[in-house]
Amino acid sequence: MTTVIKHQKPSAFYDEFFRKGPGQKTTHYCPGCGHGVAHKLVAEAIDNLGIQDRTVFCSPVGCSVFGYYYFDTGNVQCSHGRAAAAATGVCRTLDEDRIVISYQGDGDLAGIGMGAIMHAANRGENLTVFFINNAIYGMTGGQMAPTTLLGQKTTTSPRGRTAENEGYPIHMSEVISQLEAPVFVERVTLGDAKGVMKAKRVVQKALQNQVEKRGFSFVEILSPCPIGWKMNSMDARHWITEKLEKIFPVGNLRDDTKEPAPVSIPRMKLTDEELIDLFKSGEVESVKAGSLLNEQLVKVAGFGGQGVMSASALLAKCAVAENRHATWLPSYGPEMRGGTANASVVISNEAIGAPVVETPNVLIAMNAPSLDLFEESVQPKGMVIVNSSLIERKVKRDDVNVMYVPATDIAIELGSVMTATIVALAVYAAASGAVSVETMQKMIPSSIKRKNLVDINLKAVEAGLKYYKEHYQK
Amino acid sequence: MTKNHVKIENSECKGCGVCVDACPKGCLTIGKEINEQGYAYVKFDSENCTACGMCFYVCPEPGAITVYKAEKK
Ligand code: SF4
Ligand code: SF4
Ligand code: SF4
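As you go down the protein sequences, you meet chains A and B in turn.
If you read the first sequence in our numbering, its first letter stands for residue 1, the second for the next number, and so on.
If you read the second sequence in our numbering, its first letter stands for residue 1, the second for the next number, and so on.
Since the hints were made in silico from the structure, they are not lab data.
Idealized CB from N, CA, C, for every residue including glycine.
Check the hints yourself; a few may be wrong.
Only pairs whose alpha carbons sit at most 30 Å apart, straight line, appear in this in silico DSSO-like list of lysine-lysine [to be verified]:
#1 A/LYS442 x A/LYS459
#2 B/LYS25 x A/LYS25
#3 B/LYS25 x A/LYS6
#4 B/LYS69 x A/LYS200
#5 A/LYS230 x B/LYS72
#6 A/LYS394 x A/LYS442
#7 A/LYS6 x B/LYS72
#8 B/LYS25 x A/LYS194
#9 B/LYS43 x A/LYS200
#10 A/LYS25 x B/LYS32
#11 B/LYS3 x A/LYS6
#12 B/LYS43 x A/LYS25
#13 A/LYS230 x A/LYS205
#14 B/LYS69 x A/LYS194
#15 A/LYS6 x B/LYS69
#16 B/LYS69 x A/LYS25
#17 B/LYS43 x A/LYS194
#18 A/LYS258 x A/LYS194
#19 A/LYS20 x B/LYS32
#20 A/LYS194 x B/LYS3
#21 B/LYS3 x B/LYS43
#22 A/LYS20 x B/LYS25
#23 A/LYS243 x A/LYS230
#24 B/LYS43 x A/LYS230
#25 A/LYS25 x A/LYS198
#26 B/LYS3 x A/LYS230
#27 B/LYS72 x A/LYS459
#28 B/LYS72 x A/LYS194
Residues from chain B shown here face chain A by an in silico Cβ test under 10 Å; the list is partial [claimed, not checked]:
#29 CYS23
#30 THR29
#31 GLU33
#32 PHE44
#33 LYS69
Okay, the calculated beta carbon distance ranges per label pair [what the hints assert, rightly or not]:
#34 B/ALA70 x A/ASP53: 31 to 37 Å
#35 B/ALA70 x A/LYS269: 52 to 58 Å
#36 B/THR66 x A/ASN252: 29 to 35 Å
#37 A/ASN252 x B/LYS3: 35 to 41 Å
#38 B/LYS3 x A/ASP255: 38 to 44 Å
#39 B/LYS32 x A/ALA354: 42 to 48 Å
#40 B/LYS32 x A/ARG92: 54 to 60 Å
Please work from the sequences and hints to get the whole structure.
Here is the structure:
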């Protein structure tokens, strides 16, 4: 007689959880927490199906935020509630043989992420969602969750949840199974050993479905949170069988997998050419690049209605047309008109890390509050273009290069006040050479949404160039 | 050992006692000693283990339990 290993730590787990800290082999979960059990079932199913090398585990925000400590697979840590949406992105980016898991708690999935999960399920993504229902927000200290039972006391329902005050617990499996697209929906329990053994089979089945490319599978796992419930590990398990399972009955709610598996799920994918077409309306003639000496950190600021957004977007498009790297980051106030609006444009010969411009080397100030707000932030030797039609004061700094351009007056003369920022932009292009004025002229027809305004914008470029030549060209 | 048995990784057990409750044969008990994490860990001591794996699956810790089954050579 000898002995062989019958059950051991699945190899889909890291041997050591090195991200958690050196030499650690335990989880960060509280003693008796259901997450560890659920992780083990998922990891073993990954082993059994032989899919570790092609699995991406999308973890949520909540106690299981550190899924990537444990699973030796691809990992994405998603924004709160968005795991099913992020998982959709992963599904559609990788090739068809990928296995994508979205692992989410009740606060994450049924609270903040309700929209994301409903639409992922409704699209029938070939995706497996494990929904850990422990009827509470664990990580943040035991607040009421969408699945908290009536009468259940939490830190935010201290007298116990009431239907009148907080509404009813949400039955996610029932809700999901009402949609047309999902192929498999089942609720399981970790309340006792029998339930765990059943959950083990269901977890694997839900992943098997994805391997067979059947579509959307959803497994709700009733899971103990001894700490949030203020119980010991065993009382928490009894509470699941005695209370939680009464409200959330375990069992299968949907299984369309008896049908033969579909050959493949046709997904419409845009080709690179189609994508490029989407972002440019019409052909752009080839452009000649100007000479970009140093990275341009441009802040264009004014109020709504001055064309700040469209002009700054045009600048970024021109830079891209000249084969530069460029980013455009608009920043709006809540007001539609009258509030300040500004945009940050970065133009570089190299890939751009952050699109944020905190210390611009170019400021185009279209109104007085914008100059007041950003003047101090301009780098020494930077360029400041002041819309002198609306800004009466002079620039206080003496270490920057200033050009005063009556952009609004010029624009009104041309017949559209909205072209004021284009006038200022043409001055910037002519003075800096960061993008060429010719490129601006070529990009305007495809960049201006209202076609009847193309001509007037082209005239604005000419007017800006003329003003620059007459007043500032050396 | 040549019989069915369970090996507890003392340092990985958090003493939650879930395995103790799950074992149909009463093979497991919470011991008196404390591990470096501060938990009184589980001890295996039995002739009756069937290597059913129940303790393994209910245990929340990935590597705390390994189950060995006796096999004829
Ligand atoms: S708070 Fe609850 S869910 Fe979070 S780790 Fe602790 S027991 Fe688990
Ligand atoms: S394998 Fe089964 S019988 Fe053996 S200790 Fe674990 S639960 Fe008990
Ligand atoms: S279930 Fe695991 S962690 Fe809990 S007492 Fe048993 S071996 Fe220790």
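Hint check: A/LYS230 vs B/LYS72, CA-CA at most 30 Å. Holds or violated? Violated. A/LYS230 to B/LYS72 sits at ~47 Å, over the 30 Å cutoff.
Inset, instruction - Take the C-alpha atoms of A/LYS25 and A/LYS198, compute the straight-line distance between them, and say whether it is at most 30 Å. - result: Status holds; Cα separation ~27 Å.
Proposed proximity, A/LYS200 with B/LYS43 (alpha carbon, max 30 Å): Distance ~25 Å between B/LYS43 and A/LYS200 Cα, so the pair holds.
- Are B/CYS23 and chain A close enough, Cβ to Cβ, to be under 10 Å, as the hint says? 9 Å, holds
**Prompt:** Given the proposed pairing of B/LYS72 with A/LYS194, does the C-alpha separation stay at or below 30 Å?
**Reply:** 29 Å, holds
* Asked: Regarding the pair B/LYS69 and A/LYS194, is the alpha-carbon distance no greater than 30 Å?
  -> Distance of about 21 Å is within 30 Å: holds.
Query - Agreement of B/LYS25 and A/LYS25 with the hint, judged by alpha carbon distance not exceeding 30 Å - result: Given that 30 Å is the threshold and the Cα spacing comes to 28 Å, the pair holds.
Can you confirm whether the C-alpha distance between A/LYS243 and A/LYS230 stays at or below 30 Å?
Holds: A/LYS243 and A/LYS230 sit about 15 Å apart, inside 30 Å.
Lying within 31 to 37 Å: is that true of the beta-carbon distance B/ALA70 to A/ASP53? 34 Å, holds
>> Take the shortest C-beta to C-beta distance between B/PHE44 and chain A; is it under 10 Å?
In response: Because about 13 Å separates B/PHE44 from the closest Cβ in chain A, which is outside the 10 Å limit, the hint is violated.
- prompt: For the pair supplied as a hint, A/LYS20 and B/LYS25, is the alpha-carbon distance within the 30 Å limit?
  reply: 35 Å, violated
- Quickly compare the C-alpha distance for A/LYS6 and B/LYS72 to 30 Å and report which way the hint goes. 14 Å, holds
The structure fails hints 5, 6, 13, 22, 26, 27, 30, 31, 32, 39 (numbered hints given earlier, in ascending order).
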